[in-house]
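Enquirer: Those protein sequences? They're chains A and L, same order as listed. Residue numbers for the first sequence, in numbering that gives the first Met the number 0: 0 to 299. Residue numbers for the second sequence, in numbering that gives the first Met the number 0: 0 to 469.
Bear in mind the hints are in silico, worked out from the structure with no lab data behind them. Note that CB positions come from ideal geometry on N, CA and C, so glycine has one too. Errors might be hidden in some of the hints.
Among the chain A residues that face chain L by a calculated CB cut under 10 Å, a handful are [said to hold, decoys possible]:
| no. | residue |
| --- | --- |
| 1 | Glu27 |
| 2 | Thr65 |
| 3 | Tyr66 |
| 4 | Thr116 |
| 5 | Ala156 |
| 6 | His197 |
| 7 | Gly281 |
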Amino acid sequence: MTRGEIVAGCLAPHPPHLVYAENPPQNEPTAEGGWEQLRWGYERLRDSLSDIDYDVIVVLSPHWQTYVGTHFLGLPHFKNLSVDPVFPNLFRYNYDLNIDVDLSKQICDKAKDAGLTVKMMNNPDFRIDYGTITTGHMFNPKWDKPMVVISSNRSSAYYSVDVMQEMMMELGKATRDAILDSGKKAVVLASNSLSHRHFTTESEVPEDMSKEHITSHAMHLWDMRMIEYMRTGQSQRIIDEMPEFTEQAIAESDGGGFTWLLSTLDIPTYPAILHGYGTIIGTGNAIVEWPVYKHKEGEK
Amino acid sequence: MSSGELIDSFVVPVHPHTVLAPEKNEGWGRLRQAYDLAAKRIEESGADLLIIYSTTWPSIIGHQIQADPNPEWVMVDHDFHDLGSINYSFNIDADFAHAWNKSNKERGLQSRTVAYKGFPIDVGSVVALTLLNPDNKIPAVIVSSNVYSNRSETTVLAKACLDVIKSTGRKAVAVTAMSLSNRMFTENIDPKDDKIHSLKDDEWNRKILEFLNEGRLEDVSQLSRTIHRQIRVQKVVTFKPMWWLSAMNENRNNLTGEVLAYEALNGAGGAVVHLNPTPSGVGDKEYDEDDVEVFAGERGVLDTHLESDETNDHNQPSKNTNQGPELWDPTEAEGSVNTDSAPKPVGAYPHARKVGDLIYLSGVGPRQPGTNAIPGGPIHDSSGAPLEYDIKAQTQAVIDNITRILEEAGSSINNVLDVTSFLIDMDRDFAGYNEVWAETLGKVGPTRTTLAIRALPTPIAVEMKVIAKA
């Protein structure tokens, strides 16, 4: 069998505001626009990969939070309404997506072999979290690729960021090995923001961009530091500084997705492409692509 | 209409096991029996409203209140999806929800109602309403738990709710859907092997339940931060429900309590507790913090305030170039001592006042004269997010400011007689503050009292009130 391949990895944040501002037919509320820097960043990401062939999208979302191990969607099809419990005024999305169950099971099995606690999710009534839906929509609005959806194990809360990193490094390796063994071409997405301190108030018109800014200068500095590491291929430094970043920027990297992504990409040493950065209710969000297809094994 | 009142309170667990799998573990079964007993008591109480504060419904933009009269859907737990699905169809009192929302806003809270088809009612609320109100006889209302809210905000949330209960003549039951210790096993376990995750968690849970069994709800509320540090995993929402429930009971310590069950739920501590307002227990009200009526938190955080350099009228507040309240010119009266070498006051008062042989100083903090900067850094940013700060630098700056004020009065730091110090975090800061004290005022030898308080008007950690010889 042909060896599988990871063609790209992306930081693909999920604030529902982005879907809201796009006004897709699947979402009920309507907006005047807003957060264009990020939405156009997603456009650039889609354009960047438009000529790249791949079979499956693998996503880890911090809003499917599991405390007993890491879980994987295990049924071939999910169709339902996703309402964001935090921003229901912005996000009420009718989704219809397919799962690559074979690859899900392969990653699950590899992770189990690596010593991680895992579980397949086989309940047909399960509603997909809005993080997965938002990232899925912004990355692939046609929904024409099957997905593998991985939960966010909250080991950073139970133990520490260091333990989380150890577990996510293993999960990343398992993901990588399973993809390579599967013979499939995959894009891997970490659905998370960078700094993650929200405003606790909302403007009357949620898309009023005159109210949008980073919560604090310290958060901005951390976000720029991390982005600079990404732009210059210093993934190991991101891993090394992840505990401080996660704590001091209240970063959404606590969900493990960022570490998992870098591990899945084998800690890339080549520059990532920044497609966009912007704030959403005070949180810092970057859309970043690691163009793996340009860097063959051994040439990273 | 007669005035409404809170007639009962309950603490109930959030995990779906009591609905979906009570037969798989004896403890889960006992929790289910306790749930059923609580439901019977609520029905017999004549309650006409159930109010659920759920820790599994986190919110960011203030608090959210469910206002869909009949939310219906299927709930599947994110972790325990293999136990099955729970179909729900609830009877929500939308009028009360809207009235509570209005009351919240009148008390300064950020608040909104939600009424959207398919809104995902959280697992804690679904479990609580399914078991406590199985026939939907009693209309209910559900409120979220805000991720960032502090005790003041949570207390005001309860007071706003009580306003509406009283004004609408309702007989209400308050329910907190919550775990005690919330550390679950992180590996899959056989249901028959379930137990509290650790002996330490079990001991803390039993101490909490001992208090509740004696009706000492406010004592548990006061211990909330300690409990959180000791036995809570930092999930989305911290151990806030006891703040809300105690405020709903007017911060009393003499309720009539009864623990109906306490068991493990995949390692976490689950309990059903009944708290009746009939006076009993061991003590009366022992409220330890400001009894806040109106929340004045992070309003205006979305707006950018431009700095101003205009000259200010005497005794009028000036624009503040740092976070915190507006600054004032010090007031003048007989014996007043004021100096440009000390930070501007945050109200209409002098830096000090000389009476006979004594000088009384207003509370002195570490802010720097002119710049208003805080040596050692502020304790939080403009949005309220905590920041690291240096208590030693702040303490030294306080003493420097005291020195300047006393020198302006013709006295000196060596004439200080008595000091009352205020720290906003005694556990964190006492040692550093004490170290600087020993090297400075400790060598002068004034009497000293050190108090822990909840907050100071500016983002500082220490303030001193001084009496000195002229």
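Enquirer: The structure should be examined with respect to each hint, and the outcome stated for every one.
Expert: These are the hints, each one checked on the structure:
Taking 10 Å as the C-beta contact cut-off toward chain L, the hint placing glutamate 27 of chain A at the interface holds, the least distance being around 8 Å. Annotation: interface hint on threonine 65 of chain A holds; nearest CB of chain L at approximately 5 Å, less than 10 Å. Taken as an interface hint, tyrosine 66 of chain A checks out: its beta carbon lies about 5 Å from the nearest beta carbon of chain L, inside 10 Å. Taking 10 Å as the C-beta cut-off, the interface hint given for threonine 116 of chain A holds, the closest approach to chain L being about 5 Å.
Here the hint on alanine 156 of chain A is kept, as its CB sits about 5 Å from the closest CB of chain L, short of 10 Å. Because the smallest distance between the Cβ of histidine 197 of chain A and any Cβ of chain L comes to about 5 Å, under 10 Å, the interface hint for this residue holds. Here the hint on glycine 281 of chain A is kept, as its CB sits about 7 Å from the closest CB of chain L, short of 10 Å.
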